[in-house]
Structures are given as C-alpha cells and as structure tokens.
Amino acid sequence: MPLNYEKCLDRGCIWVQRTEESQPLCFYPDGYGYTYQEVRKTSNGYHVDLERTTEMKMFGDEMETISLQVYFETKNRLRLKFADKAKKRFEVPIEVPLPPAQSPDYTEYSIDFVNEPQFGVLVKRNDTDTVIFDTNIPGMLFSEQYIQLSTRLATSNVYGFGEHTSSTYKHKTNWKKWSLFARDSSTDSSSNLYGVHPFYMNIEEDGCAHGVFLLNSNAMEVILQPTPALTFRTIGGILDFYIFLGPSPEDVVKQYLEVIGLPVMPPYWALGFQLSKRGFATIQDVKALTQRIEKANIPYDVQYLDIDYMNNYKDFTFDEKRYANLPAFVDELHDKGRKVVIVLDPAIASNKTLESNYPALDVGINRDVFIKVNGTYLEGSSWPGKAYYPDFSHPEVRPYWTQMCTEFRKSVRFDGLWIDMNEPSNFVDGSLTGCSKTSLNYPPYGAGALGSNLDGKLFEKTVCMDAVHYAGKHYDIHNLYSYYQANVTYRTLAIIIPGNRPFVLSRSTFSGSGRFVSHTLGENLSTWEQLRASIPGILKFNLFGIPFVGADVCGYSLNTTEELCLRWMQLGAFYPFSRNHNSLYSKDQDPASFGKNFIQLVSKALYTRYELLPYLYTLFHLAHTEGSTVARPLLHEYSDDKITWDIDYQFLWGPALLISPIVEESATAVDAYFPAGIWYDFYKGEVVKDGSGMFMTLMDEGYINLHVRGGYILPLQKPNVTTSLSRKQAMGLFIAPDKSGTAKGLLFWDDGISYETQEHKTYLQVELTFQKVKDQALLYSNITIGNFPEAHYAFFGYMTFCNHPPPSKILINGKIISRQKWNYNSQSMVLNVDKVHINIAEKFEMILV
Numbered sequence: 001m002p003l004n005y006e007k008c009l010d011r012g013c014i015w016v017q018r019t020e021e022s023q024p025l026c027f028y029p030d031g032y033g034y035t036y037q038e039v040r041k042t043s044n045g046y047h048v049d050l051e052r053t054t055e056m057k058m059f060g061d062e063m064e065t066i067s068l069q070v071y072f073e074t075k076n077r078l079r080l081k082f083a084d085k086a087k088k089r090f091e092v093p094i095e096v097p098l099p100p101a102q103s104p105d106y107t108e109y110s111i112d113f114v115n116e117p118q119f120g121v122l123v124k125r126n127d128t129d130t131v132i133f134d135t136n137i138p139g140m141l142f143s144e145q146y147i148q149l150s151t152r153l154a155t156s157n158v159y160g161f162g163e164h165t166s167s168t169y170k171h172k173t174n175w176k177k178w179s180l181f182a183r184d185s186s187t188d189s190s191s192n193l194y195g196v197h198p199f200y201m202n203i204e205e206d207g208c209a210h211g212v213f214l215l216n217s218n219a220m221e222v223i224l225q226p227t228p229a230l231t232f233r234t235i236g237g238i239l240d241f242y243i244f245l246g247p248s249p250e251d252v253v254k255q256y257l258e259v260i261g262l263p264v265m266p267p268y269w270a271l272g273f274q275l276s277k278r279g280f281a282t283i284q285d286v287k288a289l290t291q292r293i294e295k296a297n298i299p300y301d302v303q304y305l306d307i308d309y310m311n312n313y314k315d316f317t318f319d320e321k322r323y324a325n326l327p328a329f330v331d332e333l334h335d336k337g338r339k340v341v342i343v344l345d346p347a348i349a350s351n352k353t354l355e356s357n358y359p360a361l362d363v364g365i366n367r368d369v370f371i372k373v374n375g376t377y378l379e380g381s382s383w384p385g386k387a388y389y390p391d392f393s394h395p396e397v398r399p400y401w402t403q404m405c406t407e408f409r410k411s412v413r414f415d416g417l418w419i420d421m422n423e424p425s426n427f428v429d430g431s432l433t434g435c436s437k438t439s440l441n442y443p444p445y446g447a448g449a450l451g452s453n454l455d456g457k458l459f460e461k462t463v464c465m466d467a468v469h470y471a472g473k474h475y476d477i478h479n480l481y482s483y484y485q486a487n488v489t490y491r492t493l494a495i496i497i498p499g500n501r502p503f504v505l506s507r508s509t510f511s512g513s514g515r516f517v518s519h520t521l522g523e524n525l526s527t528w529e530q531l532r533a534s535i536p537g538i539l540k541f542n543l544f545g546i547p548f549v550g551a552d553v554c555g556y557s558l559n560t561t562e563e564l565c566l567r568w569m570q571l572g573a574f575y576p577f578s579r580n581h582n583s584l585y586s587k588d589q590d591p592a593s594f595g596k597n598f599i600q601l602v603s604k605a606l607y608t609r610y611e612l613l614p615y616l617y618t619l620f621h622l623a624h625t626e627g628s629t630v631a632r633p634l635l636h637e638y639s640d641d642k643i644t645w646d647i648d649y650q651f652l653w654g655p656a657l658l659i660s661p662i663v664e665e666s667a668t669a670v671d672a673y674f675p676a677g678i679w680y681d682f683y684k685g686e687v688v689k690d691g692s693g694m695f696m697t698l699m700d701e702g703y704i705n706l707h708v709r710g711g712y713i714l715p716l717q718k719p720n721v722t723t724s725l726s727r728k729q730a731m732g733l734f735i736a737p738d739k740s741g742t743a744k745g746l747l748f749w750d751d752g753i754s755y756e757t758q759e760h761k762t763y764l765q766v767e768l769t770f771q772k773v774k775d776q777a778l779l780y781s782n783i784t785i786g787n788f789p790e791a792h793y794a795f796f797g798y799m800t801f802c803n804h805p806p807p808s809k810i811l812i813n814g815k816i817i818s819r820q821k822w823n824y825n826s827q828s829m830v831l832n833v834d835k836v837h838i839n840i841a842e843k844f845e846m847i848l849v
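In the numbering used here, the protein residues as written are 1 to 849.
Rather than coming from a laboratory, the hints here were simulated on the basis of the structure. All C-beta atoms in this analysis are idealised placements derived from N, C-alpha and C, irrespective of residue type, glycine included. Any given hint could be a false lead.
What the hints assert, rightly or not - Simulated crosslink set (DSSO-like; lysine-lysine; CA at most 27 Å straight-line):
| no. | residue 1 | residue 2 |
| --- | --- | --- |
| 1 | Lys-41 | Lys-124 |
| 2 | Lys-596 | Lys-287 |
| 3 | Lys-761 | Lys-843 |
As the list claims (entries may be wrong) - Each pair of labels, with its calculated beta carbon distance range:
| no. | residue 1 | residue 2 | range |
| --- | --- | --- | --- |
| 4 | Lys-596 | Met-829 | 45 to 53 Å |
| 5 | Asp-751 | Pro-24 | 56 to 64 Å |
| 6 | Lys-287 | Gly-434 | 23 to 31 Å |
Using the sequences and the hints, build the whole thing.
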C-alpha cells in the first residue's frame with residue numbers, strides 16, 4: 001500500500017511535498033538511529049557499542065543495541081563492521097586474506113565519532129582533510145530483515161555497483177535506485193542482473209579516488225541521492241565495510257583486490273576471437289560455420305557448444321544422432337590449433353523416465369549433494385525439464401563435479417567450461433510445488449529486486465529462499481551460488497586437464513569471482529543502445545576485479561544489421577574477452593555470414609587484435625599479479641582531468657592504447673578526446689596530437705581508431721589465423737616516445753597455457769627502454785626474470801619508431817644492419833625496421849645514429 005501523508009506522520013517521520021515522482025516524500029527525523037556512550041580503543045582500532053535513540057520502529061524488531069568494530073588494517077585500508085550484539089548473524093563465508101597482525105605504524109586516514117543529532121562515523125583523508133565516509137545522517141536501522149545506513153559522498157562522481165545495464169559509466173545521483181540480487185533477466189532494463197558487486201569508487205574534487213566495499217551477500221538496494229549521498233539497504237547479514245584510500249583509481253582497484261582476490265590468468269588461446277551460437281541443430285551446422293570462417297581466413301581460436309549438443313539438454317551428455325562424431329570433430333579442431341568450450345548449466349535432470357541410467361543424477365543422489373527444502377531435494381525446472389540443483393558449497397560436490405567432468409571428457413575433449421544459468425535460474429518460481437509462506441520467501445522488504453514488488457516474493461525465476469545449502473539458507477547465499485560453482489569448476493579443470501590453466505566463463509558472479517572466471521555480460525540485444533552500453537559494462541567489471549570480460553558481439557537476441565554488426569565487431573575486437581554469440585531465433589551473424597567488404601573490414605580489426613596480443617597478455621599478467629585493470633576508463637590515467645570523469649565511449653587497454661570506436665548509427669566519424677601529451681596513430685605511426693587535452697574528430701578510415709600514448713613501448717607479434725600460429729611469428733615493438741624522447745615497455749612471455757607460471761616464476765619478463773642520448777637514440781632491453789627456456793625461439797623481427805629524425809645508420813648489439821632492413825618516412829617522421837632477428841630472451845642494445 002503506498003505511503004501517504006498520514007502514515008508518514010504516524011511513523012514519526014517528516015513529510016516533504018515533492019513534484020517529481022523519483023524523489024521521496026517521507027524522511028527520517030534528525031536523531032533517528034543510534035547513539036554511543038563510550039568509544040574503546042583496541043589493539044588495532046576501536047570498539048563502539050550503539051543504542052537506539054527512539055522507541056519508533058519501522059519493522060517492529062529493530063535491535064536495541066549493536067556494535068561497531070573499527071579495524072585499522074593497512075595504511076590505506078580500514079574496516080567498519082556493524083553487527084548485532086545479541087546474537088550471531090550470517091556473515092559471508094568466502095576467503096578474505098587476513099590483514100597484518102599488527103596495526104600499521106601510520107595511516108593515510110583518521111576517524112572521528114559524533115553523537116549529535118545521532119551517531120555517525122567520519123573517515124577523513126589526512127593529507128587533504130577530505131571526508132570520504134560520513135554516516136552522521138538520520139535513518140540508521142538494524143532489524144532482523146532490514147538494515148539501513150547512509151553516508152555522505154565526497155562528490156557526485158560515483159562509479160561501480162553491479163550488475164546492471166547502464167548507458168553511462170558514471171552514475172547519476174538523482175535518487176537512482178540499484179537493486180543487487182542475482183537474477184536471470186534481459187539486459188534491456190536497469191533492473192538487477194546476473195551478478196552482485198556491492199562496491200563503488202568515488203572521485204574527489206582534486207582527482208583523488210577512494211573505494212567502499214560492503215561485504216554482504218543478501219539482497220540489497222543502493223540509493224544514490226543528490227546531496228550527494230548514498231543509502232545501503234540490505235535484508236540480512238551485517239554491515240561489513242572496507243574503505244580504500246587509493247589515492248589513484250588504479251590504487252583503489254588494487255587495494256580492493258587485496259581483499260577479494262586477484263584475477264585469474266587466462267590461457268593465451270582464450271585471448272583469441274571466439275564464436276558461439278544457440279541453435280546449431282546438428283553437428284553439420286557447426287562444421288559449416290567453422291569451414292566458412294576458415295575459408296575467409298578470419299582469425300578465430302575458440303568454438304563454443306551451447307546446449308544444442310546435449311541429449312535432451314542434460315549435462316554431461318551429447319546427442320549421438322544429431323551430434324554424431326562430436327568427439328572426432330573436436331579432435332579435428334584441436335589439430336587445427338583451435339579450442340572447444342562447452343556449456344554446463346547447474347540444473348541436473350531429475351526425471352528418470354527420460355533415461356533409465358543418468359549418472360549425473362544417480363551419483364549426485366548417492367553423494368547427497370543437491371539443495372534441499374524441508375528435508376527433501378528441491379525440484380525446479382530448467383532446460384532438461386524437472387531438475388535438482390547441486391549445492392556447490394557442499395564438501396562432496398567437488399568430487400562429484402570432478403567425476404562427472406572427467407567421465408564426459410573421456411568422450412568430448414573440451415578445453416574450457418561455460419557455466420551459465422547459475423544465478424541459479426529456474427523456469428518456475430521457487431520449485432514445482434511453490435514455496436512456503438515464510439518471511440524468508442516473502443520478506444518485509446524485497447530490496448527492489450525485479451519481481452519482488454508484485455506479491456512480495458523474492459524467489460521469482462530462482463529457488464525458494466528457505467532452501468538449505470551446506471553453507472546456509474538460500475536467503476543468505478543466493479548471490480554466492482555462482483561464486484561457489486566458479487570455485488569448484490575452476491579446481492575441477494585444474495585436476496582433469498593437469499598442468500593446464502583452467503578457462504571458465506561464468507554468467508553470474510560475486511565479488512571475488514574473478515579469481516576463477518571470466519565473464520560475459522549476458523543476453524544482450526542487437527541494438528545500438530546495447531552496443532554503447534557494453535563499454536560501461538566492461539569498464540565496471542574491470543573495477544570489480546574481473547578484467548577478462550566482454551559482451552556478446554553483435555548482440556544475443558533480435559536480428560542484427562550489417563552496419564551494427566560491423567561496428568560491434570570492430571569494438572568487440574578490443575573487448576578483453578572477444579566472443580560473437582547469438583540466440584536460437586536470430587539469423588547468423590558470424591563474420592563470414594556477411595559480404596566480402598564486411599569480411600575485409602572485420603578481418604582488419606581482428607588481425608590488429610592478434611598483433612596486439614603480447615601487449616594484452618602482459619596486461620593480464622599485471623592484473624593477475626598486481627590487481628591492475630586491463631580495460632580502463634581514461635579517468636584511471638588522468639583523474640586530474642575532469643573531462644575524463646564523464647567519458648565512457650572511449651577506453652584504454654592498460655595505460656597506453658586508446659580505443660575510440662564509432663557507436664552511433666550511420667555515423668562516419670567520432671569525436672574523440674585526447675588527454676594531455678603526445679598521441680600517435682597506431683596504424684601510421686604519425687603524431688596525431690601534441691599538447692593539452694582536446695577533442696578531435698576522427699573519420700572512419702575502414703578501421704577502428706587506435707592511438708598510442710607517448711612514453712610507451714607496445715610489444716607486438718605478426719598475426720595469423722590462430723594464436724598458436726601467431727606465436728610462431730616474428731614479434732615487434734611500437735616505440736612511442738614522450739616529449740622528452742623517452743619510452744618504456746614491458747613484455748611478459750610464457751608458454752601461454754601452463755598452470756601458475758607466475759607463481760612459480762617460470763616465465764620471461766623483459767623491460768624495454770628507449771631514450772635519446774645527445775645526437776643518437778638508444779633502445780635496449782633488460783631481462784628481469786628469465787626462467788622460460790622456450791623463449792629463445794621467439795624473436796623481435798620488426799619495429800616502428802615514432803616521431804624520430806632520419807638515422808644515418810642503425811646498430812644492433814654493435815653490428816650495423818643493412819639499409820634494406822629499414823625505411824624512413826620524412827613526412828610522418830616514422831622509422832620502420834623489418835626483417836631483423838633479436839632473441840627476446842637475451843639482452844640487446846639498438847643504437848640509432
């Protein structure tokens with residue numbers, strides 16, 4: 001029933017008449033919340049007991065006393081933990097690395113407590129006195145199934161929170177509500193989607209950045225307000241905040257990943273272009289696709305098999321009639337240097353009449369690994385029909401999942417797994433028999449989740465909230481379901497393909513899932529709006545610690561147009577994870593399904609991606625070992641340039657490669673922003689802009705616009721149609737000096753597949769430096785880690801020197817190279833060196849005189 005003036009006053013609240021529908025009418029009065037009597041110093045922070053200030057109750061079961069524990073964890077990270085004093089409440093049971101045993105000697109923050117007009121905790125940045133977390137706002141509430149806390153923001157420059165589809169990277173603070181509850185839904189609205197990431201970053205007025213993470217897995221809602229302020233509402237657990245001081249955006253992400261875990265390192269082949277489609281009725285359809293892609297010489301590394309390959313859509317089976325000889329076909333793809341990824345949905349067919357013997361069901365029952373409700377297995381509905389859902393938090397589920405994957409891989413030698421429908425999705429609400437009328441299934445507040453506003457139920461398109469897992473009630477761990485599955489699946493692949501780096505693609509994710517999986521943004525639409533929205537989506541998941549992310553190129557649902565698919569393929573070639581995927585009812589949209597001109601333009605984009613893979617691979621190494629982003633917004637590199645705070649149609653690979661796609665229908669140009677410094681055209685090597693930040697109109701010249709930032713060296717490699725063939729080609733360097741004539745770069749190189757090469761340091765790491773010394777220039781390498789003997793087979797064979805005067809001679813390790821091996825363009829001031837042979841595993845020195 002809608003709130004009115006009388007009900008608002010009856011609650012003891014304040015009514016403020018508004019004209020805009022999005023603005024609230026009823027407000028908590030000053031003093032509503034908690035107060036404290038004493039702040040106690042602890043060995044690593046503070047302890048504060050809080051008591052309610054009023055007898056007025058919104059839900060009738062508010063906690064009279066709660067506690068706040070403050071932990072000074074590191075010099076740039078602190079933790080605020082609000083909990084119920086009377087009883088233990090659910091806390092997220094995922095692995096969080098312990099902070100140092102002792103408090104840091106000094107911190108970059110200070111903390112104050114206030115009691116007027118209600119309790120508040122204020123966190124301040126010491127060097128600028130900027131308040132970055134301020135809860136001295138009325139309305140703090142802590143009840144059994146509703147917890148609320150608000151904080152003032154330093155500015156309205158807020159980024160993060162997911163998963164949702166949004167048209168911009170920066171959020172609007174106009175009373176916008178974001179629900180966080182894992183849900184199988186379409187991406188054409190701003191409702192809650194597949195994953196849950198309660199993390200945000202705030203850019204302060206001076207360009208410093210900080211981040212806040214709420215470690216809570218219950219359904220929640222976040223409200224952004226124009227004060228600017230932010231309200232958290234969650235329906236369970238506790239309020240467990242981590243605050244990160246940065247001060248740069250990249251620092252914030254790295255500090256966040258110190259808590260949730262570093263991203264997984266993908267195998268090299270997974271960086272290649274990937275193809276998928278729902279609706280391959282027979283194996284001949286899949287073969288026809290692979291043959292036309294091969295005939296067109298389009299780079300392509302991975303073929304997916306969606307649920308069409310299964311027998312009656314059952315996991316760990318394949319249809320031996322429609323997909324006859326599937327094992328042999330997979331082997332053929334392997335012989336051509338390509339990989340195969342199969343989909344596995346979590347739902348296991350429970351209807352034994354379909355087949356007398358179904359090991360995935362029988363073994364699961366024997367090990368007792370399925371979710372239960374009221375003591376019996378919860379039965380829902382999914383692609384195979386009636387189905388049970390594995391409890392991936394159960395100790396027995398790992399040997400179960402490993403056994404099933406091992407047995408199936410004896411027939412179909414897949415290389416990776418795509419775990420889909422893992423919110424978990426259910427074709428009926430709750431179960432085949434519904435859900436009991438409890439406060440878990442029908443909570444007093446639905447956190448704004450899609451479907452909960454109609455009749456109050458929280459289980460629409462998923463399982464009952466009172467279902468029982470080993471780790472707790474589904475009410476508490478719904479958002480963790482895919483996290484547990486990701487963990488189990490990653491470790492399963494590590495066992496059944498020993499020595500190889502696991503590749504797992506997951507639709508649903510939670511904070512920390514990046515330790516195990518890559519991510520697809522889900523079932524998008526073939527529209528220009530969804531094309532543009534994919535860029536903020538990819539930037540957000542890099543913020544969330546899942547950098548290996550991409551949208552379904554050309555769109556999943558509806559029929560694409562040739563123009564839309566061309567622009568999407570050009571952009572998608574520069575998603576970190578690049579996969580073209582579409583639905584059962586959509587027409588073919590793979591790159592070879594259009595005309596000759598389309599193939600030529602798309603091939604240009606994909607071959608360029610493949611040439612840049614050594615740089616991209618190095619970025620993933622840094623993400624895996626340091627926590628940096630791979631695809632990042634301009635503001636991550638130029639946070640002191642306020643223009644970059646709003647740019648979300650351009651993005652960077654790492655610090656050095658600027659990508660400026662055309663994302664508007666019928667457009668033949670893009671207005672691109674170039675921050676201060678020198679920028680070079682990647683294709684031509686010439687200077688495009690030198691000086692302060694400015695917008696430039698870039699015309700469509702048949703390829704996506706790429707520009708290299710001055711001061712960087714990009715490692716390259718001559719591309720081929722697969723990554724395995726590309727890795728046999730000559731490597732190269734793109735040298736883009738800054739104003740002082742200096743550039744630096746890094747190359748990480750290993751075999752591309754072995755498990756934990758970074759952890760064991762069985763790789764090659766090369767630092768590259770270019771500098772001008774008097775009347776000559778010097779390019780040289782330094783081997784910082786050289787534990788990969790096979791690197792001696794790789795060599796630098798070509799180089800592009802930008803903004804360079806004409807040389808008279810070039811020496812490599814003291815030997816003059818032939819004049820036939822280099823050429824100079826006096827108009828663009830670009831020097832190209834080709835057909836040289838420099839072992840990447842040995843130090844070298846190249847002098848340009």
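Now for the hints, and whether the structure bears them out:
no., hint, in the structure
1, Lys-41 / Lys-124, "18 Å, holds"
2, Lys-596 / Lys-287, "21 Å, holds"
3, Lys-761 / Lys-843, "19 Å, holds"
4, Lys-596 / Met-829: 45 to 53 Å, "35 Å, violated"
5, Asp-751 / Pro-24: 56 to 64 Å, "58 Å, holds"
6, Lys-287 / Gly-434: 23 to 31 Å, "45 Å, violated"
Of the hints listed earlier, those the structure fails to meet are numbers 4, 6, in rising order.
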